[in-house]
Each structure stands twice: as C-alpha cells, then as structure tokens.
Amino acid sequence: MRSPLFEPSVIVLVALVMIAWVWMGWPHSELPVLLFLLICPGLSFVQMLDLEDHATVMTLSVALSIAITTLVATSLLIAGAWHRENGVLAIALICLTGVALRARQLGGRGLLRGHARDGG
Amino acid sequence: MTSRIIPLVAISAAVVLWAMSIQGLDLRAMTDTGLVSILPVSTYLSLALLIVSFCILNHRQDTREGLLFLHVVALIFVLHATPVIVYETLRYSWAWKHVGIIDYIQRHHSLNPAIEFLSAYHNWPGFFTLGAFITEVANRKDALVMAMWAPTFFNLLYLGALLLIFKSLTRDRRLVWLGIWFFYLTNWVGQDYFAPQGLNYFLHLTILGILLKWFRYENAPFAPRGGRFAFFRTIANRLYEAGVDEAKAVSSVNGELATQRVGLMAVVIALFSVIAFSHQLTPIMSIAAVTALVVTFQCNARSLPVLMIVLAVGWIVYGARIFLGGELESLIESFGRVSDNLQDNLVDLALVSEGQKTVILVGRGFSASLWFLALAGGLRRLYYGYRDVAAVGLTVAPFAALAGTAYGGEVIFRIYFFSIPFAAFFAAASVYVAPGAAGSRRALLITILLSSGFLWGFGYAHYGKDRQYHFSKEEVAVARYLYEMAPPGSLLIEGARNYPSQFRNYENFVYVAIDREPRESRQSIAENPVAHLYRWMDNHDYTKSYLLITRSQKAEVQSTGSMPPGSLDTIEKALLDSSQFELIYGNNDAKLFVLRGLETGNTE
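Order-wise, the sequence lines are chains A and B. The opening residue of the first sequence carries number 0 in numbering that gives the first Met the number 0; numbering runs sequentially from there. The opening residue of the second sequence carries number 0 in numbering that gives the first Met the number 0; numbering runs sequentially from there.
A few of these clues could be false.
Label-pair restraints from in silico Cβ distances [claimed, not checked]:
{"id": "1", "chain 1": "B", "residue 1": "265", "chain 2": "A", "residue 2": "107", "range": "52 to 58 angstroms"}
{"id": "2", "chain 1": "A", "residue 1": "109", "chain 2": "B", "residue 2": "395", "range": "47 to 53 angstroms"}
{"id": "3", "chain 1": "B", "residue 1": "360", "chain 2": "A", "residue 2": "84", "range": "28 to 34 angstroms"}
{"id": "4", "chain 1": "A", "residue 1": "5", "chain 2": "B", "residue 2": "439", "range": "29 to 35 angstroms"}
Some residues of chain B that are not near chain A, with every Cβ distance over 10 angstroms (derived) [claimed, not checked]:
{"id": "5", "residue": "37"}
{"id": "6", "residue": "104"}
{"id": "7", "residue": "108"}
{"id": "8", "residue": "131"}
{"id": "9", "residue": "135"}
{"id": "10", "residue": "212"}
Honestly, the hints are just simulated from the structure, not real lab data. A virtual CB, placed ideally from N, CA and C, is assigned to each residue, including glycine.
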C-alpha cells in the first residue's frame, strides 16, 4: 500500500520545480509543464477525498485541474494581469495550498506521526 | 499468462498494421465519400483484428480490465489519430476559427465581447483562455498542433468519465466495456473536435459520474404516510426503488461518505462553473441531465439544478450581457420552436452529390440503428427486472435543447452527442442484459457483427465529408500568407466559408462568402463574375480587398449543392483571364486575388 504522503510529496516537488523554472527562466520542454497543469492542481484537492479507485482519482484530478487552470487563466485575463508566469505561479500556489490542507487532514488523523514512526 | 499475451500481441499487431497502412495515402484520389475512399484494405484488417480481440476478451468472464482499457485506447487512436497523421494539417474549418480566438487572446491579452465576428466566443471565453494559456506555457506560437490532437485527447479524457458513469449504472463488467466500446464506435457526429463543447463534454460527463456514484438516495426519499401528497410520495419512492439495487451495489458507501460528499459537491460546482462561462449549450444540457436525475429521485442533491441555473444565468447576465443584448430577440423567438429546429437540419438530398447522398443516408441510418438497438436493449433490461431510471432519464434529457436553443438544425447533432453514452449503454444491454445471463457464442458473434457494422457506419458518417473537411498544405500556405500580410480593415471575399479560415489576425477582416449570398446575387456572380466582383472589391470603405478561392471551398460547394457544380472553377478561371484582377499568391489548391495595380505578391 502506498504512503498517504506520496501524492502530496510529488505535488510539492513538482510545484517547487515549476516556481524555480519560472524564476530562473522558461523550460525548453513543455511536456512537464503541461502535465503539471493538467494533473497537479486537481490532484492536490482530490487526494483529500480518499477515493480508492485510481482511475476515478485520475479522472477527477484531470477534470478539476482543467477547471482550476481555466478559472485562473480567465481571471488573469479579465483582471488585465495576463502573463504565463503569473498563471503558473498562481497554480503552483493553489497546489501547495491543497497539499497543506491534506497535511492538516492527515495530521488530524494522526497519520503524519504514525508514518514518521514507521520510518517513512 | 498466455491469456494476457495473446490480446497484447493482437493490439500490437493491429496498431502496427494500422500505422503502416496509412502511410503515403493519395489524398487527391479522395472521392465525395471522404476518407474511406482512400483507406487501403490493411486499415480495415487492423480494425477487424482489434474488434475481434476486444469482443472475445470482453466476452470471457475472467478478463482483466487493463486489457480492455488498452483495446479502447487503441481504438481511440485508430479512429481519431488517423486524420492527424494522414492530413498533417488541422481538419475542419471551425477548428481553425477557434485557433483564431486563441490567437486574438495571445496578441491582445484581452477579450472583445462586442466584436463583430465570432462574438459568442468572447462572451463565453473559458475554453479559449485555457487554450491561450496552455499555448503560451507550452512556448508555442499558435494552438494548431494542440488543435490537431484535440479529438484524440478529448476522447481519451471521456474514457475515465464513462467508466465512472457506466460502473454506477451496472455491476456487469461486460456491459460496462461493451457500452464504452459502442460509444466510441457510434460517436460519429464530430462534436469532439477542438471546440468548447468537446472539452466541456468531459466536464459534463464527470459531473454525471460523480452524481451517479456518490449522490444516490440511501433510503426512500419520503416516509410512507397518508395525506394530500400521498400519491406523489408513493411515485417518488417507487422511482427510487427502481434504481436502488444497482445504485447500492455500486456506490462506495463508507463511514466517511458525508465528508467525501462535501468535497465532491465542491468539485461538481467547480466543474459546472467552468462550463457556465465556456459554452452556451453545455450548461443547458448539464442542467437538463441533473434535473432529470433529481426529479426521478436518482440523485439526492435536490438543490443542485437551482444552483446550476443561478450560475449559468449569472454568467449570462454578467459576462455575456453584450452578446445577450444583441441576440435576445432571436433567442426568445427560437424558444419552443421544436419543429423548426428539427426541419432545419434535414439536408435536401436532391441538391447534394451522389457520394454525399450515401454519406448522409448512412449517417441517418446509423443513428436510427443505434436508437433502435438501444430501445431493444432497454426493453430487454426491463424484461429482466432492471429499472434503469437514471440511464433512461439521461438518454431523454438532452432533447430539452430542442425547445430552448437557437442552434437551428445543428442542435440535432448536439442532442445525439449528449445522448450517446446512455444509448450505447442500452445498445450494449441488448447483448449483455444481466451479469448472470449466459455468455453464449451467439452473443459473441453478435458483438463482433454489431461492432463491425458500427465501424462501417462510423467510417462513412464521420469521415464522409473529409474531401472538404481536410485542407492541403498548399491551401494552408495561401491562407497563412493572406492572414499575416493583410492590413486591418480589409474586405475578404471567400468562395465559401470552408477553408483554413480566421486562424490569425481574424479581426482585421470583413468577411463575405459568395455561396451564402442570396440566390439572385449568386446567379449574377455566376453569369458575370468579373464585373460583379470588381464592383464589390472596388470599395473605399475597406483598406484593401481580397478574394480567395480554394480546393476545399469547391469541394464544399459541390457536396452541399449551394451553387451549381463547377461555379467556383468558372469564377476562378474568369478572374485568371481578366486584366482587372491579379493573382497575388496561388498554387494548385488555392488562389488569392486582388484588383490589378493595388497589390503585389508571390505566385508559385
């Protein structure tokens, strides 16, 4: 069985890489950025639902990611702040917020301490 | 082990055979029956292999779902990646226009809800802002590559949502996967291209999947007691009981369901919020579908339709008020015009070419076959004691769009699109009616025959108009030249609307399509094209005037019968022979004219 910290860790890592990329200059390969936009924002919240079926988790994550990215992009456009850097940073922050809420949820269940004791 | 290796070998062989078969096809040999007219036998062999392998695998009781999943993914690639690889350009004229809206956002970093052309897209911009954002993040100049692969990508997305829905409707694995298989084979209407509806459809299906899986009633909705509404309560409880066996069997009820539901409802609201500002029609379809589930007591989120209406109307009043101001009259007029919406779509077969007649008749027969089979499957399920209230409601709900939209005949295709998942489910039920029902060899043979029949229909109905829906690189080169060099305020006269159009700087033009002019005007142009078109183009209200005639325009005019056969060829020849017109950029497939002495350019 996979650790409950697996998805949050991956999302945090990817979000931080995105922020670093935006900070240092744009990546040459677009694929990681696209995968980030289409999976991470949704997954950071869907993981809190504790769904068992992986196909369902992925479907909901992609759907919610599309919704979040659309909402962010449209908000930036309407607000006159259209810049890809702004958008990627906003979405990275949304991902980190989702992970923080997940950590709080797991902490409330005592899973974080339990996981640490197990050597995870 | 062998049971897994053989299907994997079959999938691999089918994909390799397909990939080899579509290399080097002669697109100029395509007739008016479209892509199927040039596909070699090996393409059909690869599909036959895929069909037989899937049907045998799905028929067996001990099959792993992963293998079925791979078959469906392979089918999606074969059906939807073929035009991308064969044509190497974006298929379908409207997809080019959608790329043009993204181009507008990339250049202006804003929207213009009052813009003269394609203003609806500026008023429901969600899909386009997402597309522009992804294009920029992906470091692309335009969205053309993304648009080319959109049908394949969207159909892959649908798979996850369909699994969620079908597994909420039945426990029968064979019915689930055959329903999905039939969905892909019968989804011929081409509404899954690079367009707001293609993406919003995925969000719509996901919403339905969530509601069907997690928002069913756990107990009868009303306590059985007397009083004034006793009859109503009894009906409600009966409807609930009709769907309860399957619903309870598949719902993942556990102690944390209440917490999950809060989160899932938040997801539903987020998805619908995006639908509400991304497309005009999908909100109506979603509201109709969710209302159907609520009123038949298949969904306990009773306030959800009201919230959805508030969100949809809220966006119209706030975000699309400019569009609404201009279109309100026609929207009110169209409300309730069911028969007009039906009649608008019936193409006059006397006007179209022989090949197109075949394509249209196959499309109609194909759709009728699916509905007939779905009816048979539904009745068979009923006979076996299943009361598929939710699926019936969701099959019927899209018809609400007949009464409440201004889409004209186009709405028929949209209704079909939104009904297919559930029609396909019932069509599959005509073979696999219940989990315990015997899996005879006859059932296996029927699934193979039905799949082959659907595939044949799909080939004609979906790709039957590809002589006009595909664009050669030569056409694209001329269109690109025009859209990049023409100054703002130009007049563009087009033979027809069907060509790679409006994908760059689209707001710089006023568009006039010859084939959409009134009959008298078209007749005058056909009789004396040079004099008539000279008068149009010699107009100082415009910065410059251009006239574009392409191969795909000619193909459309020929197939739809909007002008007599050869009309655009005659006009083109007259302009080439005229001293008053100058060809500024042309090749075998497209020619761009201006009035002589006013422009210079390239002629290949």
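Status of the hints after comparison with the structure:
1. Checked against the hint of 52 to 58 angstroms, the pair residue 265 (chain B) and residue 107 (chain A) fails, with Cβ atoms roughly 19 angstroms apart.
2. Range check, residue 109 (chain A) to residue 395 (chain B): Cβ separation about 49 angstroms, and the 47 to 53 angstroms hint holds.
3. Checked against the hint of 28 to 34 angstroms, the C-beta distance between residue 360 (chain B) and residue 84 (chain A) comes to roughly 54 angstroms, which is inconsistent with it.
4. Checked against the given bound of 29 to 35 angstroms, the beta carbons of residue 5 (chain A) and residue 439 (chain B), roughly 45 angstroms apart, lie outside it.
5. Even its closest Cβ contact with chain A, about 33 angstroms, leaves residue 37 (chain B) beyond 10 angstroms, as expected for a residue assigned away from the interface.
6. With 10 angstroms as the threshold on Cβ separation, the claim that residue 104 (chain B) sits away from chain A is violated: the shortest Cβ distance comes to roughly 7 angstroms.
7. For residue 108 (chain B), the shortest C-beta to C-beta distance to chain A comes to about 4 angstroms, within the 10 angstroms cut-off, and the non-interface label is violated.
8. For residue 131 (chain B), the non-interface assignment is contradicted: its Cβ lies about 7 angstroms from the closest Cβ of chain A, within the 10 angstroms cut-off.
9. Not every CB of chain A lies more than 10 angstroms from the CB of residue 135 (chain B), the least distance being 4 angstroms, so the non-interface label is violated.
10. Distance to chain A contradicts residue 212 (chain B) as a non-interface residue, since its nearest Cβ pair spans about 8 angstroms, not more than 10 angstroms.
Hint check: violations occur at hints 1, 3, 4, 6, 7, 8, 9, 10; the rest are consistent with the structure.
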